[in-house]
Amino acid sequence: MARRATVKLISRGMKLLLTDPGVKADLKRRAESVAATARETAPVATGAYRDSITVVTEVTDRVVARVVARDPKSHIIEARTGNLSRALDSAGGA
Amino acid sequence: MQPANVIFPDVELWATTFLRAALAARPESFSNAYVSNAVPQSRRDRMVIVRRDGGPRVTVATEAARLGVRVWGKTEKDVTDLTRLVRALLTNAADGNPVCRVEDLSGPSAVPDESGQPLRFFTLELTVRGIPLPADLEP
Chain L
0 MARRATVKLI
10 SRGMKLLLTD
20 PGVKADLKRR
30 AESVAATARE
40 TAPVATGAYR
50 DSITVVTEVT
60 DRVVARVVAR
70 DPKSHIIEAR
80 TGNLSRALDS
90 AGGA
Chain P
0 MQPANVIFPD
10 VELWATTFLR
20 AALAARPESF
30 SNAYVSNAVP
40 QSRRDRMVIV
50 RRDGGPRVTV
60 ATEAARLGVR
70 VWGKTEKDVT
80 DLTRLVRALL
90 TNAADGNPVC
100 RVEDLSGPSA
110 VPDESGQPLR
120 FFTLELTVRG
130 IPLPADLEP
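The listed protein sequences derive, respectively, from chains L and P.
For the record, in the first sequence the residue sitting at position 2 is 1 according to numbering that gives the first Met the number 0, with numbers rising by one throughout.
For the record, in the second sequence the residue sitting at position 29 is 28 according to numbering that gives the first Met the number 0, with numbers rising by one throughout.
Pulled out of the complex, with its shape left as it was, chain P reads as follows (with noise of 0.2 Å):
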């Protein structure tokens, strides 16, 4: 029998809703980061990259979907202090809608980066919920 007809939220799009917002509403001076699903033409001091990186159906309205998130910074203690700040705002984003739960895959990890620049790399599971199929998308 074919899964009832549900359409799952853009999740690079909600994460990267989500933490520019979250990081907007923080003191700290790192937090003043650049937020996308790209890395931008011009690179920035700070940056906060999620990508989906796949992740199946588990039920018929919830979805696994892993994220993988490149955090870059000005120095080691910047992209440290962010990439923790970033992990913390994901891991407690969980508040059914769209977000169900959000699990550890992989913590964070410096990883050499052609640019120079401090990177960060981490992955987490978002379990996410999809809604019935609207008649129009583009209403």
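Excised from the complex, chain L in its bound form (with noise of 0.2 Å):
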């Protein structure tokens, strides 16, 4: 008779794996990328919305990697072009 495979989570061990320096510099490489996308892409009129753009990293439950436009226009130039999610794309695959 066929035995079912089942698959059993160690949170200890998820936990370790989401904090996980390794994770971290992949997310911060990756993050990077999509910044450097951003700041190529970004419109300039004064430069201050592309040199706004940078990274962020922190640890909630798992590393975080976030990239962020501070400068005040950036909600208007995000909705006027998309910038930031069309440089998502850098953030390449597996």
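I should point out that these hints are in silico values taken from the structure, not numbers from a laboratory.
Please note that a few of the clues may not be correct.
[Stated by the list, open to error] Calculated lysine-lysine pairs in the DSSO-like style (CA-CA distance at most 27 Å, straight line):
#1 Lys72(L) / Lys27(L)
#2 Lys72(L) / Lys76(P)
#3 Lys72(L) / Lys73(P)
#4 Lys23(L) / Lys7(L)
#5 Lys27(L) / Lys14(L)
[Unchecked claim] If you want the ones that stay clear, here's a sample from chain P, every Cβ over 10 Å from chain L, calculated:
#6 Ile6
#7 Thr16
#8 Ala24
#9 Arg42
#10 Arg45
#11 Ala60
#12 Thr61
#13 Asp94
[As the list claims (entries may be wrong)] Coverage of chain P stretches by chain L, computed from C-beta distances (three or more under 8 Å per stretch; other residues unrestricted):
#14 62-71
#15 80-87
#16 112-126
Glycine included, every Cβ here is placed at the ideal spot set by N, Cα and C.
Dock the two chains into a complex; use the hints.
Here you go:
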């Protein structure tokens, strides 16, 4: 009789994986790639928006890397151009 | 190995065609809106402008298409109601042909617009099914 395979996640191991320095480094590398693309494709008037695009990393229950634009015009530019959204493709696949 | 020879649909065309029909079928007065993928030369009181913002291939036969949706209305109330309706219509549009799944990326938010017209912006990700590449796209 065939036996069904089961998967049992070990919470402690998963937590270690989600906060692993290697995972953090990989996320940061991908986020930096997205930020670089976003800066390259940013519309430039004064350069303030382009120069405000940075990467922020933090640890919640897992490591997180965010690409942020801190210029006050950022939301307007995102609505008009989708610059950050388009740059996400630079994160690459697996 | 190269992926199979699949072609994906024009997601902006799908979204604008779908929204025009879905809005036309609604009874609300604010559902009477101009729908396109670009702001027209002659602005309208109500506009829904859908833009493809990238998104990668996910499997051999599916891609994840990101959409940015801008909605303009006559008043704050008008644009809020129209945005809610457009979002609801799009997030319930997955029937497998070609859209298999719709996920919110960012909910509606007010954006200042140089026209002075009230504007909302939100983003979605659509999982879209491709079809085998035909011998001729213009039969």
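Task: Violations among the numbered hints - done: 15
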